[in-house]
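If you read the sequences in order, they're chains U and B. Note that the numbering used here numbers the first sequence so that position 11 is 13, with each residue one more than the last. Note that the numbering used here numbers the second sequence so that position 4 is 6, with each residue one more than the last.
Don't take every hint at face value.
Remember, identical chains collapse to one label, so a pair may be satisfied in a single copy or spanning two.
[Claimed, not checked] Below 25 Å or equal to it, Euclidean Cα-Cα: the simulated SDA-like pairs (lysine to any residue) are:
1) Lys28 to Thr175
2) Lys180 to Ser71
3) Lys180 to Asp111
4) Lys180 to Ala170
5) Lys28 to Gln57
6) Lys180 to Ala107
7) Lys200 to Pro172
8) Lys28 to Gly92
9) Lys200 to Gln158
10) Lys180 to Asn222
11) Lys200 to Phe174
12) Lys221 to Thr73
13) Lys221 to Leu188
14) Lys180 to Ala214
No lab work stands behind these hints, which were simulated from the structure alone.
Protein chains: 2
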Amino acid sequence: MQIIELHASVTESNDRDADALRAELKKRGVLLLNLMSSPGSGKTTLISRVIRDLQGQVRTAVLEADIASDTDARRIESLGAMSVQVHTDGMCHMDAGMTARGLAAMDLDGVGLAFLENVGNLICPAEFDTGAAKNVMILSVPEGDDKPLKYPLMFQTSDALVITKTDAMPYFTFDLDKAVLRARNLNPEIRIFPLSAKTGEGMDEFERWLLAELAAWRKNG
Amino acid sequence: MQIIELHASVTESNDRDADALRAELKKRGVLLLNLMSSPGSGKTTLISRVIRDLQGQVRTAVLEADIASDTDARRIESLGAMSVQVHTDGMCHMDAGMTARGLAAMDLDGVGLAFLENVGNLICPAEFDTGAAKNVMILSVPEGDDKPLKYPLMFQTSDALVITKTDAMPYFTFDLDKAVLRARNLNPEIRIFPLSAKTGEGMDEFERWLLAELAAWRKNG
Chain U
3 MQIIELHASV TESNDRDADA LRAELKKRGV LLLNLMSSPG SGKTTLISRV
53 IRDLQGQVRT AVLEADIASD TDARRIESLG AMSVQVHTDG MCHMDAGMTA
103 RGLAAMDLDG VGLAFLENVG NLICPAEFDT GAAKNVMILS VPEGDDKPLK
153 YPLMFQTSDA LVITKTDAMP YFTFDLDKAV LRARNLNPEI RIFPLSAKTG
203 EGMDEFERWL LAELAAWRKN G
Chain B
3 MQIIELHASV TESNDRDADA LRAELKKRGV LLLNLMSSPG SGKTTLISRV
53 IRDLQGQVRT AVLEADIASD TDARRIESLG AMSVQVHTDG MCHMDAGMTA
103 RGLAAMDLDG VGLAFLENVG NLICPAEFDT GAAKNVMILS VPEGDDKPLK
153 YPLMFQTSDA LVITKTDAMP YFTFDLDKAV LRARNLNPEI RIFPLSAKTG
203 EGMDEFERWL LAELAAWRKN G
């Protein structure tokens, strides 16, 4: 496992870099998913579960972005999947240039799904196109159903919303209907997947979506 | 309740603004606490509990900082406490100038404790002195005990660490000893308060600390 120290590229060129990365990944048949959430929402646990469940069906690579530490990349590697840890030089988001440099450190031949686990933050990551094919936001039940009211841009820029830790629902006052309604008010097209990576409940539907998106990505254009 | 739209002041002058605000609050006998955490860690629930528990003992004011919405300020006002909502113009932190402008919108005569509920984020808020007397970090049990490894600066700049939602401990794999050890490795002086604002367990010790800090703040200098 490698640790890469990154510095941000100039903001104006980010959209160009993002489009270039997306085109390259399209050519190679790699579906890059940009996972964004608060710290501790369960991104790494979700990815770990997907890797285990889809083993043998699709090859997976994971780019772990953090300010410090390499605990997440170690967890992913312990599952036998490919992972690179990037450090963002104190910054609270990843941009397209940083993502491209991180991915370049991995051998993507034969990879289908690539996950970018963005820095834990509901604000800045929503403002930067990373070059991903899809933006996926994760909201965990303990965080509360009011998050769409407070962080609207994150919900607006996401193609899918995964509501994690549903097994903890009896323990918290989280109104799923309210959360779904608030998210759809901001983004009527958003796909919503309530699930528990711990018990496995709801994983099927999310994984079917991932595989369908991968198939569509490889077919079109 | 007011909503104030704020824009950041020039960074270089922030330390000067912070010292000026601190001196003014000292003169007025107001202990300002800067609460920082991930989204959904339970800052508003913690403040609400403190307001209820200390009613009649100390007057409290709350400055709610968010990108959008006024849900938190409404919750605080429903308890009969003074609250102002500030919007940070998309920014993921509060600085001293923004804090001073928010506080100026409240009548602080007779107020003892003032809470700044910073934007939910473990990165940027740690980098800006708000003028608070004490920095208090909140980490909730569902977020996991690995957060000191990932967000070291936040733990280093905090005077106290409140570990919330301890009632949910049986539901999550959170090692309290490990969290405490990791926090102390970064900051040997940090005060640590595990508690549940829901059941009330551990609130006493935290509130005694708040009152002791307020007494010391009003006595010294």
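Practice item. Compare the structure with the hints numbered earlier in the document and write down the numbers of the violated ones, lowest to highest. Key: Per hint list: 1, 3, 6, 8, 9, 10, 12, 13, 14 violated.
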